[in-house]
Amino acid sequence: MRVRIFLWRHLNKLRWVSLSLVFAMLIILPCLHIYQTYVAAHAYDLLAPSEKRFYDVMESLTAPFINDPAEDLDAVKGNTWSGNFWGLKLSDPLAVLGQMAAGFSLYWPFILTALIPIAVTAFFGRVFCGWICPANFLYELNSNLAAWLQWAGLRTGARRFDKRIKYGVLGLGLLLSAATGSIMVAAVYPPAIVGRELYYVIAQGGFGVGMVFFVGTLLFDLLVSRRGFCRYLCPGGALYSLLGRYRLVRVRRVVESCNDCQKCNAVCEFALAPMTDGFGQECTNCAACMAVCPTDALTFDIRLFDHPEQGPGHLGRRYRREPSDENDANKAAEEAAA
Amino acid sequence: MRRRTFIQSMGGGALAALATSATAANAAASPSARSTKRYLRPPGALAEEEFLSRCIHCGQCGEACPNRCIKYFGAENGAAAIDTPYIEPREKACILCMKCGDVCPTGAIRPIPREAGAILEHVHMGKAKVDENLCLSFQGKSCGVCYWACPLPDVAITVGYMEQPHVTDACVGCGLCERSCIQMPQAIRVMPNRDAT
Numbered sequence: 003m004r005v006r007i008f009l010w011r012h013l014n015k016l017r018w019v020s021l022s023l024v025f026a027m028l029i030i031l032p033c034l035h036i037y038q039t040y041v042a043a044h045a046y047d048l049l050a051p052s053e054k055r056f057y058d059v060m061e062s063l064t065a066p067f068i069n070d071p072a073e074d075l076d077a078v079k080g081n082t083w084s085g086n087f088w089g090l091k092l093s094d095p096l097a098v099l100g101q102m103a104a105g106f107s108l109y110w111p112f113i114l115t116a117l118i119p120i121a122v123t124a125f126f127g128r129v130f131c132g133w134i135c136p137a138n139f140l141y142e143l144n145s146n147l148a149a150w151l152q153w154a155g156l157r158t159g160a161r162r163f164d165k166r167i168k169y170g171v172l173g174l175g176l177l178l179s180a181a182t183g184s185i186m187v188a189a190v191y192p193p194a195i196v197g198r199e200l201y202y203v204i205a206q207g208g209f210g211v212g213m214v215f216f217v218g219t220l221l222f223d224l225l226v227s228r229r230g231f232c233r234y235l236c237p238g239g240a241l242y243s244l245l246g247r248y249r250l251v252r253v254r255r256v257v258e259s260c261n262d263c264q265k266c267n268a269v270c271e272f273a274l275a276p277m278t279d280g281f282g283q284e285c286t287n288c289a290a291c292m293a294v295c296p297t298d299a300l301t302f303d304i305r306l307f308d309h310p311e312q313g314p315g316h317l318g319r320r321y322r323r324e325p326s327d328e329n330d331a332n333k334a335a336e337e338a339a340a
Numbered sequence: 151m152r153r154r155t156f157i158q159s160m161g162g163g164a165l166a167a168l169a170t171s172a173t174a175a176n177a178a179a180s181p182s183a184r185s186t187k188r189y190l191r192p193p194g195a196l197a198e199e200e201f202l203s204r205c206i207h208c209g210q211c212g213e214a215c216p217n218r219c220i221k222y223f224g225a226e227n228g229a230a231a232i233d234t235p236y237i238e239p240r241e242k243a244c245i246l247c248m249k250c251g252d253v254c255p256t257g258a259i260r261p262i263p264r265e266a267g268a269i270l271e272h273v274h275m276g277k278a279k280v281d282e283n284l285c286l287s288f289q290g291k292s293c294g295v296c297y298w299a300c301p302l303p304d305v306a307i308t309v310g311y312m313e314q315p316h317v318t319d320a321c322v323g324c325g326l327c328e329r330s331c332i333q334m335p336q337a338i339r340v341m342p343n344r345d346a347t
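Top to bottom, those sequences are chains A and B. Residue numbering for the first sequence follows this note's numbering, beginning at 3 and increasing consecutively. Residue numbering for the second sequence follows this note's numbering, beginning at 151 and increasing consecutively.
The set of hints was computed from the structure by calculation and includes no laboratory data. Worth double-checking, as some hints may not be accurate.
What the hints assert, rightly or not - Capping the alpha-carbon separation at 30 angstroms, the derived lysine-lysine pairs in DSS-like fashion look like this:
(1) LYS291/B to LYS279/B
(2) LYS91/A to LYS242/B
(3) LYS279/B to LYS242/B
(4) LYS242/B to LYS54/A
Let the sequences and hints guide you as you build the complete structure.
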């Protein structure tokens with residue numbers, strides 16, 4: 003008998019903490035930047051009252067950790083698209099691929115910044131989408147909003163499309179980048195847009211054009227297809243799916259404790275089918291299915307491939323009705339145990 | 151960016167979406183010819199075409215800029231330039247701190263040490279040009295503000311009789327003279343040089 007680690011049903015909460023922290027970082031970094039510019043200007047007395055309040059708040063928040071705001075706060079800059087953490091530069095693999103397409107060139111210092119994200123994706127799969135992506139944070143909240151609207155009796159979008167469309171979007175985006183000589187995928191990639199637009203609205207005084215696109219995708223998700231953008235259109239999701247195709251950490255369904263309740267299929271934001279072992283390359287290891295499973299039948303496993311379909315869950319009705327040798331043997335064993 | 155209100159960006163976004171292919175064709179043909187706007191790229195930026203192919207629109211240069219002079223294009227300058235950084239010197243000029251080059255992950259803005267020699271050699275944002283019909287010093291009112299604003303005085307700009315400014319070829323185009331000009335409209339402007347590195 004397999005030892006089950008029940009902690010895994012709480013992973014989903016940890017994931018929300020992670021998503022919230024990343025989103026909070028995207029808000030706090032532009033604020034720190036503004037604070038830095040105030041410090042650099044040496045003109046506290048010339049600030050407006052509201053700016054002075056802002057300055058005081060930021061100063062009290064950062065003073066315990068730093069000596070010189072103008073220099074020390076440079077340690078963390080950027081967003082999930084490309085950022086700098088205490089000298090460690092990290093970039094989205096899509097940024098590197100898009101830049102390579104736009105420039106027809108290899109700039110190694112930049113390519114190396116995507117190495118860690120690529121390695122993480124190769125091990126853990128599409129975790130960026132589920133655990134880090136600031137757009138996913140908003141899309142999931144949007145998805146919850148849709149659930150509330152449904153509860154209130156309104157109809158939200160539930161259309162389904164072909165999941166392979168996003169690979170086409172990725173290819174088309176790279177082709178367009180190559181044709182125009184500018185990284186076009188950055189304009190249709192929500193996490194890049196959200197990171198940028200939060201910076202624009204906080205430090206630059208207003209939203210840029212990307213916000214129109216992003217609001218469009220939110221409406222698309224709400225009115226046309228639940229989580230439609232991530233499932234069917236996101237070029238970055240497509241790239242992460244490809245990179246995570248042979249990931250080592252996979253969700254596994256323990257067929258012995260599954261009762262075929264379908265809650266995992268319903269909760270999956272990416273329209274996968276955990277109940278029939280249908281994970282595939284697009285699973286983000288987000289652990290939402292584990293959190294909802296009433297019998298703790300979902301667990302993590304280290305495997306290069308998914309389990310092939312294991313048939314109905316042993317706690318479900320279908321399994322008890324279906325006559326088969328294995329079934330009978332199991333029943334005999336259970337009766338013997340009883 | 152101040153004027154980049156939501157409504158405007160709505161219009162711009164729709165326009166960009168419709169005209170992506172058309173503007174893209176123009177952009178491929180000649181990256182600097184399509185704009186009527188006079189803007190500078192951040193100090194150390196590559197030549198325009200290469201710059202556009204390198205820049206990943208991450209916004210870190212602006213976030214590093216202690217002077218907040220780096221702004222970002224909306225759709226007004228063609229689809230290829232959306233979300234790329236620029237400087238409008240009359241609004242806020244570059245102080246040549248060279249932080250943007252340090253933080254740029256792709257080398258679209260090259261890292262250049264903050265020394266006069268390196269800056270003079272590698273920074274070519276543009277070159278200041280004096281309009282003698284507007285300049286107070288050429289109109290008999292001794293001024294010289296641009297000279298005092300210049301981070302490279304006597305190297306990039308010299309003053310003669312009545313503080314009349316003369317820009318030399320060493321000018322890197324930071325725009326501090328244009329920012330500080332007390333004449334309205336400004337009598338000294340930086341003419342962008344986006345095709346040299």
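Which numbered hints are broken by the structure, listed smallest first?
No hint contradicted; all consistent.
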